[in-house]
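> Let's have the full structure, built from the sequences with the hints guiding it.
For the record, the sequence lines run as chains A and B.
Quick note on this note's numbering: the first sequence kicks off at 1 and runs consecutively.
Quick note on this note's numbering: the second sequence kicks off at 1 and runs consecutively.
Careful, some of the hints might be misleading.
Below, a list of computed lysine-lysine pairs in the PhoX-like style, where the Cα atoms sit at most 20 Å apart [stated by the list, open to error]:
#, chain 1, residue 1, chain 2, residue 2
1, B, 11, B, 37
2, B, 38, B, 82
3, A, 364, A, 275
4, A, 162, B, 38
5, A, 139, B, 65
6, A, 41, A, 263
7, A, 152, A, 131
8, A, 8, A, 41
9, A, 216, A, 13
10, A, 31, B, 155
11, A, 139, B, 58
12, B, 31, B, 9
13, A, 162, B, 58
14, A, 275, A, 263
15, A, 8, A, 46
The hints are simulated quantities; they were obtained by calculation from the structure and are not laboratory data.
Residues per chain are reported as follows:
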Amino acid sequence: MSYNIDTKGYYGKFGGAYIPEMLLHNITELKENYQRIINEKSFQLKFNELLKNYVGRPSPLYFSRKLSDKYSTKIYLKREDLNHTGSHKINNTIGQILLAKKLKKSRIIAETGAGQHGVATATVCALMGLKCIVYMGAKDIKRQAPNVARMKMLGADVISVKSGSSTLKDATNEAMRDWINNPVNTHYIVGSVVGPHPFPDMVARFQSIISKEIKKQLMVIEGRDYPDYIIACVGGGSNAAGTFYEYLDDERVNIICVEASGKGVSSGQSAATTKLGKIGIIHGSKTLLMQTEDGQISEPYSISAGLDYPGIGPIHANLFETKRAEFIAIDDDEAMTAGLQLSQLEGIIPAIETSHALAIFENKRFNKDDIIVLNLSGRGDKDLENYIKYFGIK
Amino acid sequence: MNRIIKCLKEKDNILSIYFTAGYPKLESTSKIIKTLKKSGVDMIEIGLPFSDPLSDGKTIQMSSKIALENGINTNLLFDQLKDIRDEVNIPLIIMGYLNPIFQFGLESFCEKCMSVGIDGLIIPDLPIDIYLNDYKKIFQKFNLLNNFLVTPQTKTSRIRYIDKHSEGFIYVVSSSSITGSTKKFDRESIDYFNKLKNMNLSSPRIIGFGISNNENFSIASRYSKGCIIGSAFIKNIEKNGLESINNFIREIRNPD
Chain A
1 MSYNIDTKGY YGKFGGAYIP EMLLHNITEL KENYQRIINE KSFQLKFNEL
51 LKNYVGRPSP LYFSRKLSDK YSTKIYLKRE DLNHTGSHKI NNTIGQILLA
101 KKLKKSRIIA ETGAGQHGVA TATVCALMGL KCIVYMGAKD IKRQAPNVAR
151 MKMLGADVIS VKSGSSTLKD ATNEAMRDWI NNPVNTHYIV GSVVGPHPFP
201 DMVARFQSII SKEIKKQLMV IEGRDYPDYI IACVGGGSNA AGTFYEYLDD
251 ERVNIICVEA SGKGVSSGQS AATTKLGKIG IIHGSKTLLM QTEDGQISEP
301 YSISAGLDYP GIGPIHANLF ETKRAEFIAI DDDEAMTAGL QLSQLEGIIP
351 AIETSHALAI FENKRFNKDD IIVLNLSGRG DKDLENYIKY FGIK
Chain B
1 MNRIIKCLKE KDNILSIYFT AGYPKLESTS KIIKTLKKSG VDMIEIGLPF
51 SDPLSDGKTI QMSSKIALEN GINTNLLFDQ LKDIRDEVNI PLIIMGYLNP
101 IFQFGLESFC EKCMSVGIDG LIIPDLPIDI YLNDYKKIFQ KFNLLNNFLV
151 TPQTKTSRIR YIDKHSEGFI YVVSSSSITG STKKFDRESI DYFNKLKNMN
201 LSSPRIIGFG ISNNENFSIA SRYSKGCIIG SAFIKNIEKN GLESINNFIR
251 EIRNPD
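Given below as C-alpha cells:
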C-alpha cells in the first residue's frame with residue numbers, strides 16, 4: 001500500500017476532481033500534461049537552477065541546541081523561512097510558473113491566506129513577466145498588511161474578497177470563478193495541496209524538494225537519511241506534504257501533523273479539521289472538511305491566516321484516516337507562546353503558522369535519542385504586528 | 001413519462017426559471033413556484049442553497065447566503081415542497097451542489113425527491129464519469145433525470161459522450177463564465193449554438209447563463225428548445241418583490 005496518489009487521482013478514498021464542466025477544459029489540460037512537462041529534462045534543469053540561485057536552496061537543516069536541551073531530545077529545524085520571499089511557498093510557485101509558461105498562459109491567478117503564497121506568486125510573475133491577480137479575503141488583507149504591500153510592490157493586483165467569511169476559502173472560491181471566466185489564457189497557481197486533481201499531486205511534487213534535501217542533509221549529519229519523527233503544521237498542508245513526501249511509505253518515520261484549534265477545539269472558533277470535520281467536497285476535492293449537518297461549509301477560525309481553512313488536502317485526510325500520521329491540535333495561545341520562545345531561544349522569529357508546529361514540544365514527549373525534524377515553514381516578519389499586539393511588547 | 005421528457009417533446013420556446021429556495025423569505029419557496037406556474041413558465045429549477053457556490057456570480061451568491069441565513073436546509077426544502085404537486089404539474093428540477101446532497105445521503109435525497117414529485121436534478125460539480133459509476137443506478141431507481149452541462153470549451157468528442165449518456169436535456173452554458181454575467185450574445189456564442197444545433201444530437205438542448213431579456217430568449221429559442229433564466233429573475237425579485245413575477249415573465253415572453 002502506498003500513501004501517495006493513485007492513478008485515478010485519489011489518496012485512498014480522498015481526492016478526485018469534483019468540478020463543474022466549466023473548469024473541465026483547464027483541469028484536463030493540466031492533468032494530461034503536468035507529469036510529462038515536469039519530467040522533461042529542460043524543465044528540471046530550469047526548476048533546479050532557479051531553486052538554487054533564485055530561491056537560495058538548499059535550505060539549511062539546523063540543529064537547535066537550545067530546544068533540544070530544553071525538551072531532552074534532538075530537534076532539527078528545516079529552514080524554509082530562509083527561502084526567498086520567506087516561506088516554502090516559493091518552491092511551488094517556481095514550478096507552476098514554469099509549467100504555465102510551457103502551456104503558453106499569459107495571465108496568472110492565485111488565492112492567498114497569510115499572503116505568503118500571494119507574495120510567492122507575485123514574485124515569480126514579476127520574474128517571468130506575466131500578469132498576476134491575487135485573491136485575498138478582506139479579513140486577511142487587514143491582518144497581513146505587510147504582505148499586501150509586498151504583492152503590490154511586485155506589480156500584482158490584489159483583489160479583496162468580501163464573500164463568506166472573507167478568508168482563505170472565499171479567496172479560493174473567487175479564484176476558481178475567475179478561472180471559469182478566463183478558460184483559455186489563464187493558469188491558476190493553487191498554493192496548497194488542495195483543489196481538484198491534479199493540483200494536490202502537482203503541488204506536493206514541487207514541495208517534495210524539502211524532504212529530498214532533508215534526506216541528504218540527515219545522511220551527512222547523522223549518518224542515516226531518515227528521522228524518527230517529522231513534524232509540520234497543516235492548513236491546506238503544502239509544507240507538510242513536502243516535508244513528508246519522501247517518507248510517506250517509510251514506516252520507520254513517524255509523521256505528525258499540527259492543526260490549529262484556534263480558541264479551542266470545542267469553542268466554535270477553530271480550524272482543527274480532523275477533530276471537527278467529516279468527509280465531503282470542498283474546492284473540487286473529496287476530503288475532510290468542517291461543515292454543518294446540512295453540508296454547508298463552516299467558517300473556520302485561527303489566529304494564523306495560513307491555517308484558517310476548513311479542509312485539509314486529500315493526502316493528509318488519508319494519512320489521518322489510515323492512522324499513518326498523528327494529528328495534534330494547538331490553540332492560539334500555545335502557538336504564540338512557542339513563537340516567542342523560539343525567537344528568544346534561537347533568534348528565529350517564526351511565522352505564526354509554524355509556531356503551531358513548534359508548540360508540539362509542550363504537548364508531546366520524545367525520547368532522548370529521537371531524531372526529530374520540524375519544518376520551519378515560514379518567517380514571522382509578516383506577523384510582527386500580531387505578535388507585538390498579543391504580547392503587549394513595547 | 002417523466003414530466004421533463006414530456007415537456008421537451010411537446011413544447012418549443014421553453015422558458016425555464018431558476019430561483020433560490022428560501023429567498024427572499026424562508027417561506028417564499030412554494031409561493032414562487034405557484035406564481036411561476038400561473039405566469040406560464042414551462043419548467044422550474046429550484047436552487048438548493050450552498051455556502052460556497054463555485055460556479056455562481058454575485059446575485060446567486062447573495063440569494064444563497066440570505067436563504068441560508070433565513071434558515072433553509074435540505075429537510076425544510078422537502079417539507080416546503082410536500083404539497084406542491086397538488087397545484088403544479090410542470091417539471092420541477094432541483095439544482096444544487098454536491099456536498100449538501102452528499103451529506104443528506106444520496107439515496108435518501110433521491111427518495112425524498114421522488115416523494116415530493118421532483119423530476120430531475122442538475123448538480124454542476126458532479127462530473128459525468130463519477131455519476132455514471134456511482135450515482136446513475138440510484139437516480140434511475142427514483143425516476144430522476146440528471147441533466148449535464150456543456151460549455152464553449154467542451155470538445156466535440158465530449159459533447160457526443162455527454163449526449164450519449166444524457167437523460168433529460170443538455171444544459172448549454174452560453175459563454176465561458178459564471179452565472180449572472182449579462183452580456184449580449186456575440187458572434188462566438190452564435191457560432192457555438194450553431195455548431196451544437198448542427199451536430200444532430202439526440203438530446204434536446206436548453207441554453208442558460210447570462211440570459212436576462214426577450215432578445216436573448218428569442219435567440220436561444222432559435223438555436224435550442226429554449227432557455228433558463230436565473231440571476232436576472234432573482235435580481236428582479238430583489239428589486240421589485242414577488243408581485244412583479246408575472247410582469248417579469250411577460251416581458252421575457254412578449255415585451256410588447
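> Next, verify each hint and record whether it holds.
Now the hints, each set against the structure:
As the CA atoms of residue 11 of chain B and residue 37 of chain B are separated by approximately 15 Å, the hinted pair is consistent with the 20 Å bound. For the hint pairing residue 38 of chain B with residue 82 of chain B, the CA-to-CA distance comes to about 19 Å; that is within 20 Å, so the pair holds. Taking the CA atoms of residue 364 of chain A and residue 275 of chain A, the gap is near 18 Å; set against the 20 Å cutoff, the hint holds. Proximity of residue 162 of chain A to residue 38 of chain B is assessed by CA-CA distance (about 38 Å); at most 20 Å being required, the pair is judged violated.
As the CA atoms of residue 139 of chain A and residue 65 of chain B are separated by approximately 18 Å, the hinted pair is consistent with the 20 Å bound. Of the pairs offered as hints, the one joining residue 41 of chain A and residue 263 of chain A is violated, with about 48 Å between alpha carbons and a cut-off of 20 Å exceeded. In summary, the hint linking residue 152 of chain A to residue 131 of chain A is supported, as the alpha carbons are separated by about 12 Å, within the 20 Å threshold. In summary, the hint linking residue 8 of chain A to residue 41 of chain A is not supported, as the alpha carbons are separated by about 25 Å, beyond the 20 Å threshold.
Distance check on the hinted pair: residue 216 of chain A and residue 13 of chain A sit about 32 Å apart at the alpha-carbon level, beyond 20 Å; violated. Note on residue 31 of chain A and residue 155 of chain B: the hinted pairing holds, with a Cα-Cα distance of about 16 Å set against a maximum of 20 Å. Pair hint residue 139 of chain A plus residue 58 of chain B holds up; C-alpha atoms about 19 Å apart against a cutoff of 20 Å. Proposed proximity of residue 31 of chain B and residue 9 of chain B is contradicted: the alpha carbons are some 27 Å apart, above 20 Å.
About 11 Å separates the Cα atoms of residue 162 of chain A and residue 58 of chain B, which keeps this hinted pair within 20 Å; it holds. The suggested pairing of residue 275 of chain A with residue 263 of chain A holds, with an alpha-carbon distance near 14 Å, which does not exceed 20 Å. Taken as a hint, the residue 8 of chain A and residue 46 of chain A pair is broken in the structure, with Cα atoms around 29 Å apart against an allowance of 20 Å.
The structure fails hints 4, 6, 8, 9, 12 and 15 (numbered hints given earlier, in ascending order).
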